[in-house]
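Enquirer: These protein sequence lines are chains A and B, in that order. Taken in order, the first sequence gives residues 69 to 492; the numbers are from this note's numbering. Taken in order, the second sequence gives residues 69 to 492; the numbers are from this note's numbering.
These are calculated hints, taken from the structure and not from any lab test. Note that the structure is predicted; figures quoted are calculated from it, not measured. Any given hint might turn out to be false.
Unchecked claim - Computed far set for chain A versus chain B, every beta-carbon distance over 10 Å:
id	residue
1	Lys77
2	Ser99
3	Gly126
4	Lys148
5	Asp319
6	His326
7	Asp338
8	Asn343
9	Glu420
10	His458
What the hints assert, rightly or not - From the structure, some residues in chain B lie toward chain A, with a derived Cβ separation under 8 Å:
id	residue
11	Ile97
12	Val152
13	Lys154
14	Pro194
15	Ala318
16	Asn368
17	Asn375
18	Ile403
19	Ala405
20	Val406
21	Ser408
22	Phe438
23	His458
24	Ala475
25	His483
What the hints assert, rightly or not - FRET-style restraints, in silico, Cβ to Cβ:
id	chain 1	residue 1	chain 2	residue 2	range
26	B	Gln462	A	Glu172	45 to 51 Å
27	A	Lys469	B	Tyr310	47 to 53 Å
28	B	Asn397	A	Ser382	31 to 37 Å
29	B	Glu309	A	Ala162	40 to 46 Å
Ideal Cβ placement from N, Cα and C applies to all residues, glycine included.
Residues per chain, in single letters:
There are 2 protein chains.
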Amino acid sequence: MFIHRYPQKSTWAELIRRPVLKKEEVSEIVSDIFKKVEREGDQALLEFSKKFDSADIGSISVSQDEIEEAETLVSEELKKAIQVAKENITLFHASQETEIQKIETMKGVVCWRENRAVEKVGIYIPGGTAPLFSTVLMLAVPAQLAGCKEIVLCTPPDKSGTINPAILYTAKLCGITRIFKTGGAQAVAAMTIGTESVPNVYKIFGPGNQFVVAAKEYAQNYGVAIDMPAGPSEVLVIADEYAVPAFCAADLLSQAEHGSDSQVVFITTDLAILNETIEEIHSQVEKLPRNEFAQQSLDNSHFILLNTVEEAVSLSNLYAPEHLILALNDFEKYIPAVQSAGSVFLGNYSCESAGDYASGTNHTLPTNGFARNYSGVSLDSFVKKITFQHLSKQGLQNLGKTIKIMAEAEGLSAHKNAVSIRLK
Amino acid sequence: MFIHRYPQKSTWAELIRRPVLKKEEVSEIVSDIFKKVEREGDQALLEFSKKFDSADIGSISVSQDEIEEAETLVSEELKKAIQVAKENITLFHASQETEIQKIETMKGVVCWRENRAVEKVGIYIPGGTAPLFSTVLMLAVPAQLAGCKEIVLCTPPDKSGTINPAILYTAKLCGITRIFKTGGAQAVAAMTIGTESVPNVYKIFGPGNQFVVAAKEYAQNYGVAIDMPAGPSEVLVIADEYAVPAFCAADLLSQAEHGSDSQVVFITTDLAILNETIEEIHSQVEKLPRNEFAQQSLDNSHFILLNTVEEAVSLSNLYAPEHLILALNDFEKYIPAVQSAGSVFLGNYSCESAGDYASGTNHTLPTNGFARNYSGVSLDSFVKKITFQHLSKQGLQNLGKTIKIMAEAEGLSAHKNAVSIRLK
């Protein structure tokens, strides 16, 4: 835990520098995995499952029976919660649909955009220490709303060769029927290249470890798009004197428990809040089942005291956090100043876990500073916007001279001729 | 020129397969260029200008005097044309602005998105055989509308060390003042890493040769975003018996003249139209100043006869062209069937050059099949959409149970605790 009191502005960038991720070794392993999947298809996936998941699975496809059985294994309480979350996520993402808006830029020249779903998309859901059925919701709901024709889901099996029932239940609830037991870089390779069982897709979504992240980057060499580049998860909390230290501590810990590489930053303008939040953390962390992860993450966390909230927001913009919590009394005043963040939580009752699960916003967000130049996942991520234009003869008459002069100045005679020949 | 009459559907994918771009050799050269720019800054850029542009430039920055002088060198006629195009492009891109829409997903739970400009963007404008001042409009207009704070433009100098005056005039017209004489992969490296003169940026836009394309992909390793991956420019024309062969030929040639690697595909349901269009091409190509490029591109072009327009649109979706011209009498009927294309031109008077220059749509579009999973450049390309949420205490009470059950099922106790502690 690093505590900085009134650091000089010139030191900020260094102070919150993220650890540099080592890529080279990983990318060689990923490249080998792609080659093997390309060469051997399903057989490679089966072997990788033995090696990495310690699972001997007969078939890569999850059967209809397995999906139906999963449904009986999920408690009614959890089903109900997943349904509530799905409703909110659906409501918010459906609001992102846009109407077609035809613009007559000149008499007889009409231009507009129409959305078309990315036809085939792949969703990757990690296995490991937490069964992320919430991520199924975050990716499958907008994919369905967008109208993607083929939605493929890959997730690694556990040692017994099965998939967590909550993941299967959620997938079914979202209308996904093509589910495959394969994880890691090999799952990304399968969705990129296609195997006998797994169809190839045009865009791949979802979180994962460093191998999955590297595999998604590598997939781009095959012409596949990805949701966004990624790094470890992050939260930055800005608190004033009205903040509640116990709440702040709980939010910081809910980030820290994700993994030992989670990034946690706390900025406050109030010394008492700083000290009390740190105390609260020490007391709350003890009770967490995942306190080992949380403790390692906290070891690298930053607690910063600044003079003003304006300064705090500036520092936050420089860092560009995935999650930003404004635990401020007058949070509204500072919204316009927020320039770079993935998702912003306002006031004392908007905890990050609301957005992680169920408020309606997406939890697939830019990390590692990518909030400077990327948006989180939304309905937009699952569509292409195609421009259309119609020029009447009169429209081309109105615009023709402009086109001809510009084409000539660029030395492109055939471009000019395409107008001249029509207006002859 | 390849002519295919009623090819079997099973052969389509092979028939329109694009040439595979060789990447490896290029990427090594690009990596070396990045290292040199990182090490030597401006000095590297000056040396590269000597080597690649045969230009001995004293300063990398374009001076105010140079910009003002350029203004005197552009004809009034061309200035007027550029202004008309700018107005149309502004009108269409301004229509892409979205209102903030607050959604109450549950009582007391309010979620919305707000746009924020990408703070620093870089525009690359190629030099070479055509001075693409039109691309300055296509990238600078939405950057300005979005509110990007820093807009940097790099373009290579000619042998005398100067920049085409139309490029400088257009840049000034769009409010760009930071213009640098540097081209190729080194320009992309400079905007990625930053040098003494050239500021680093968060997102890089613009077309270029294979080195520029490779450099933009390489820039992503430094955390910089790019507009989209790219390949050679393309057009696919679908014509029925009402199409005008001379118009179709002119459109195909205006694509072919871009370069020897331009991709040209023509599909028709009418044998006479097929033959007449080919005849028209032979007669029109002779008169073009760039007929050498056009001829080479035509050598690899495909002319396809199919039974129905439905089939033609299917084949087009499989190919996913950058530009699609529907030279059809009842083009409206086929709009919903268009699934993958960059920009679509409807009817006999909507020539591609209208959209290339002045109708209002953007001409920076996905090539090489990327229309399956990418949109063209729009206002969206210059902003991030940040999600915001506010939960009142009542809102958290309404949503709390759902969050707690889901967090517990994912094994994330601290996430659950962030709710419990607030509702205690």
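Enquirer: All the hints need checking, so say for each whether the structure fits it.
Expert: Do the hints match the structure? See the list:
1. Lys77: holds (17 Å)
2. Ser99: holds (12 Å)
3. Gly126: holds (28 Å)
4. Lys148: violated (8 Å)
5. Asp319: violated (5 Å)
6. His326: violated (8 Å)
7. Asp338: holds (19 Å)
8. Asn343: About 18 Å separates A:Asn343 from the closest Cβ of chain B, which puts it past 10 Å; holds.
9. Glu420: The claim is violated: A:Glu420 sits with its nearest Cβ about 7 Å from chain B, within 10 Å.
10. His458: Its Cβ does come within 10 Å of chain B, the nearest being 4 Å, so this is violated.
11. Ile97: violated (17 Å)
12. Val152: With Cβ-Cβ at 5 Å, under 8 Å, it holds.
13. Lys154: violated (10 Å)
14. Pro194: With a minimum Cβ separation of about 11 Å from chain A (threshold 8 Å), the hint on B:Pro194 is violated.
15. Ala318: Holds - the Cβ of B:Ala318 comes within 8 Å of chain A, reaching about 4 Å at its closest.
16. Asn368: B:Asn368 check fails; min Cβ-Cβ to chain A is 17 Å, beyond 8 Å.
17. Asn375: For B:Asn375, the interface hint is violated, since the closest Cβ of chain A sits about 24 Å away, which is over 8 Å.
18. Ile403: holds (7 Å)
19. Ala405: This interface hint is violated because 10 Å lies over the 8 Å limit.
20. Val406: OK, holds: B:Val406 within 8 Å of chain A, min 7 Å.
21. Ser408: holds (7 Å)
22. Phe438: With a closest approach of 7 Å, the B:Phe438 hint holds.
23. His458: Since chain A brings a Cβ to about 4 Å from B:His458, closer than 8 Å, the hint holds.
24. Ala475: Hint on B:Ala475: holds, closest Cβ of chain A at ~6 Å, below 8 Å.
25. His483: holds (4 Å)
26. B:Gln462 with A:Glu172: 45 to 51 Å: The hinted range 45 to 51 Å holds for B:Gln462 and A:Glu172, with Cβ atoms some 47 Å apart.
27. A:Lys469 with B:Tyr310: 47 to 53 Å: violated (27 Å)
28. B:Asn397 with A:Ser382: 31 to 37 Å: Violated, at about 59 Å.
29. B:Glu309 with A:Ala162: 40 to 46 Å: holds (42 Å)
Consistency note: the structure conflicts with the earlier hints numbered 4, 5, 6, 9, 10, 11, 13, 14, 16, 17, 19, 27, 28.
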